[in-house]
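Here's the letter readout for the chains.
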Amino acid sequence: MECEKSYKGIAGSDGIGIGRAALITEPKISYEQSSALTAEDETKRFDAAVEALIEKTNAMAEDMRKSVGEKEAEILMGHSLMLSDPAMTDEVRGIIAQGLTSEAAAEQVFETFAAMFEATGDELTMQRAADLRDVKTGIIKTLQGIEDVDIASLPKGSVIVVSDLTPSMTAGINKDNIEGIVTEMGGRTSHSAILARALEIPAVLSVEGVTAKIKSGVRLIVDGIRGEVIEDPTAEQQAEYAEQKADYAKRKKELEKLIGEPTVTADGDRVELVCNIGKPDDCAAVIEKDGEGVGLFRTEFLYMDSKQKPDEAEQFEAYKKAAMTLKNKPVIIRTLDVGGDKDIPYLGLEKEENPFMGFRAVRYCLKNEELYRDQLRALLRASAFGNIKIMIPLVTCVEEVRGVKAVIKDLMSELDREGTAYDKDIEVGVMVETPAAAAIADLLAEEADFFSIGTNDLTGYTMCADRGNANVAYLYSAFQPAVLRSIKRIIECGNKKGIPVGMCGEAAADPRLIPLLISFGLSEYSVSPTAVLATRAEIRKWTKAEADKVAEKVMKCAAESDVLAVLDENKK
Amino acid sequence: MVSKKVTVTNPEGLHMRPAGEFTKAMAPFASSVNIKFGGKDFNGKSIMNVLAAGIKCGSEIEIECDGADEQAALDKAIEIVSTAE
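Residue numbers (my numbering), protein chains in the order written: chain S, 8 to 579; chain W, 133 to 217.
Any given hint could turn out to be false.
[Said to hold, decoys possible] Pairs of lysine-lysine residues, derived as DSS-like cross-links and limited to a Cα-Cα distance of at most 25 angstroms, are as follows:
(1) Lys78(S) - Lys143(S)
(2) Lys78(S) - Lys296(S)
(3) Lys286(S) - Lys316(S)
(4) Lys78(S) - Lys156(W)
(5) Lys257(S) - Lys578(S)
(6) Lys156(W) - Lys143(S)
(7) Lys78(S) - Lys336(S)
(8) Lys314(S) - Lys172(W)
(9) Lys578(S) - Lys548(S)
(10) Lys51(S) - Lys148(S)
(11) Lys156(W) - Lys63(S)
(12) Lys495(S) - Lys548(S)
(13) Lys252(S) - Lys15(S)
(14) Lys156(W) - Lys73(S)
(15) Lys316(S) - Lys349(S)
Honestly, the hints are just simulated from the structure, not real lab data.
Pulled out of the complex, with its shape left as it was, chain S reads as follows:
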């Protein structure tokens, strides 16, 4: 039967799984509201259930500690703490005293707390509401004598299809038997995702209505890399994915060997390999993937995720968190890059004829100094807690760099007067992403403590091509000789002045470009956390002499197609 269907979801845990669906459905639970027992007996019933569940949860945590790890076991230990929470038991007893059953009382109390968690607006706290509900279901099932679904006994080659994978369910997983996990709920930071990654089981999450669509026993492919589930795949698809699965496993093993290894060329020359992030929480992924710091922290999220201008205190908290999480590793924070395609409603930016050439980024910030001062003050204060550097976006002339540095100098004297701590030697760098900045890179190098090449905008502005416009997208390529010459010039100007030059656009993670960047003398590569190990592997393949040879050939090419052909011929 050839009738494959595919479902899109969130890629929750990398890898490819091929197996048969095991649909897990929770039994319907029903119970009486008013208790037939005396309050005293009902309380005893509740206490006994809680005690039994604590014992079971602790045992599961112990299993989890041995089979998965300390961090994952802590989730279950947290459940155990919730069960022994004196405030919770007091409230439940109070409701039982009014004549309700233990089930009804637990439902009320846990739902009240879950609503409180959800009202905080804090993502981490909101996710804990799922734990509360897991614990609540556990209590009610224990009270009713309902057994857990036995995931431990699923046969080899099973793909779990479930509405939500709860921590108490995951505790029973035998990872050798489970090929993949498909859920209707959860995002990349949910427990399901964290546990699936820890167990190294491919997972696709948030697939709408999947438990109603997929039947037990049907063949499934779980593509945890692209976030896709294929139902009843064709023979060709199965063969293709089986090959991908083998490749993935092999490559992963090889890349993992590079965790903790230095990022050096084949000659042993060290370069820095850091990450691009958008939120302080992303720092966890930087550490997990062995990134050596942050080369681009976009600050727009602080402005976009809120309905009003974030104040200095809120920004300070976010920057400080990133700096502290990464200990003394460098964290380059880019100041607000508003405008262009990034609108922030409450800032009241006027609609412009040509926003990409208009009032955006540093241009806007220098004209709206009050807003900019809040951000720069927050950055300076946070610099006392780690290794923060400030980066100015969309620079086109030296006046802009001098302007920002003047504001920073003024804020420093303000902080000195207040006696507030900050890093007096904080570095201020330029994001080189306009043809103007590339042309005056030698002049900018006199003003800046570092450069970081933003290849996305540099490519677009240099080629005058919007990659979103299908008619001209073919021109948008970092391999165009015009862009390569720009990159080379920027790096050379920085090196001549002795300041570090990094690259934080998507091109830094393109393996084809790496020999050129090594040859030009790039000192810092900033890529997404998931690209760290692959980029490290690529850098380690090349000696400077080999890279120089390729670069020499490439820089003689007149057409982009010739550049790509030379790089393809010489790839490692």
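We have chain S; now place chain W onto it with these hints.
Frame of chain S, contents of chain W only:
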């Protein structure tokens, strides 16, 4: 009653793990432990209360302890929330 204002420096704030550590450490004390945050009161011996407060790294909270061993309880509480790991 004794009380003190303190800035939470644990990078995780008072989320699951640190909240668990905090409530576990507070349980043996006879004194009551109250956390004032965002104009509300939260029972410092209840993990669900502490989590519901949603306290992030860098937040300023006030801890109040009341009872026979209030000073010891307060000292311990301050030690936990202001230890950065």
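Now for the hints, and whether the structure bears them out:
A C-alpha spacing of about 22 angstroms is found between lysine 78(S) and lysine 143(S), which places the hinted pair at or below 25 angstroms, so the restraint holds. In summary, the hint linking lysine 78(S) to lysine 296(S) is supported, as the alpha carbons are separated by about 17 angstroms, within the 25 angstroms threshold. Restraint check: the Cα-Cα separation between lysine 286(S) and lysine 316(S) comes to about 17 angstroms, which is no more than 25 angstroms; the hinted pair holds. With a CA separation close to 18 angstroms, the supplied pair lysine 78(S) and lysine 156(W) stays within the 25 angstroms bound.
The suggested pairing of lysine 257(S) with lysine 578(S) holds, with an alpha-carbon distance near 20 angstroms, which does not exceed 25 angstroms. Distance hint between lysine 156(W) and lysine 143(S) is fulfilled; the C-alpha atoms sit about 21 angstroms from each other, no more than 25 angstroms. A distance of roughly 23 angstroms separates the Cα atoms of lysine 78(S) and lysine 336(S); the hinted pair therefore holds under the 25 angstroms criterion. For the suggested pair lysine 314(S) and lysine 172(W), the alpha carbons sit about 23 angstroms apart, so the restraint of at most 25 angstroms is met.
With a C-alpha separation of about 10 angstroms, the suggested pairing of lysine 578(S) with lysine 548(S) holds against the 25 angstroms cut-off. A C-alpha spacing of about 16 angstroms is found between lysine 51(S) and lysine 148(S), which places the hinted pair at or below 25 angstroms, so the restraint holds. Distance restraint check for lysine 156(W) and lysine 63(S): the Cα-Cα separation of roughly 19 angstroms lies within the 25 angstroms cut-off, and the hinted pair is therefore satisfied. Distance restraint check for lysine 495(S) and lysine 548(S): the Cα-Cα separation of roughly 21 angstroms lies within the 25 angstroms cut-off, and the hinted pair is therefore satisfied.
Between lysine 252(S) and lysine 15(S) the CA atoms are separated by roughly 19 angstroms; this keeps the pair inside 25 angstroms, and the hint holds. With a C-alpha separation of about 23 angstroms, the suggested pair lysine 156(W) and lysine 73(S) falls inside the 25 angstroms cut-off, and the hint holds. As the CA atoms of lysine 316(S) and lysine 349(S) are separated by approximately 15 angstroms, the hinted pair is consistent with the 25 angstroms bound.
The structure meets every hint from the earlier list without exception.
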